[in-house]
Amino acid sequence: MRSEQLNDYGEVFKLNYLAFGNRDDESKLIESIRLSDGFIPELSLVAEENDQIVGHALFSKAEIVDQEHCHEVIVLGPIAVLPSNQKTGIGGKLIQEGLKRCEALGYEFVFLIGHPTYYPKFGFKPARNCGFEIKQFDVPDDVFMVFELTEGKIKITIKGELKYPKSFL
0 MRSEQLNDYG EVFKLNYLAF GNRDDESKLI ESIRLSDGFI PELSLVAEEN
50 DQIVGHALFS KAEIVDQEHC HEVIVLGPIA VLPSNQKTGI GGKLIQEGLK
100 RCEALGYEFV FLIGHPTYYP KFGFKPARNC GFEIKQFDVP DDVFMVFELT
150 EGKIKITIKG ELKYPKSFL
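Okay, so the sequence shown: first residue is 0 according to numbering that gives the first Met the number 0, each after it adds one.
Heads up, some of the hints might be wrong.
Unchecked claim - Distance condition first, Cα-Cα at most 27 Å in a straight line; then the derived DSSO-like pairs of lysine-lysine:
1) K134 <-> K86
2) K99 <-> K120
3) K60 <-> K124
4) K124 <-> K134
5) K124 <-> K86
To be clear, the hints were calculated from the coordinates, so they are not data collected in a lab.
Just so you know, these numbers come straight off a predicted model, no measurement behind them.
All chains should be modelled from the sequences, with the hints used to inform the complete structure.
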């Protein structure tokens, strides 16, 4: 696992294109996030095998907004593994490394919209049950999830609406 470098961009584009069924939506999203204020270079992670990038995960900034305050948080996505390397644990290792780096940088929460049976294995739980909302995207409760980087903070710190930055819209 390492941080993505500038010379990885083309390979990461191709990886996401292949992983998402030969469509470029996620690859273009990554390009948009890289150009935004929400991009944190050390949170764009790649996994390599035999000098080839086989996985990529992007953690970037978003906000939780309540009536009076904005709180900076992290969102995970996209995350991709080459089809030939899927179901080998690469995605999980990328998630775990990213969560560790987010915590080291002082973030409290990581949010995502994702598969309801995959992400709970890593400690993600339904975000609406924890007092968070999302209105930008119409998603079921079980796919809007949060990971609490510092145990016990959800109930005593922030609640509100997750706002993805413009790069996601």
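Structure-based check of all given hints:
| no. | hint | result |
| --- | --- | --- |
| 1 | K134 <-> K86 | violated, 32 Å |
| 2 | K99 <-> K120 | holds, 16 Å |
| 3 | K60 <-> K124 | holds, 19 Å |
| 4 | K124 <-> K134 | holds, 18 Å |
| 5 | K124 <-> K86 | holds, 21 Å |
Hint compliance for this structure: hint 1 is the single one not met.
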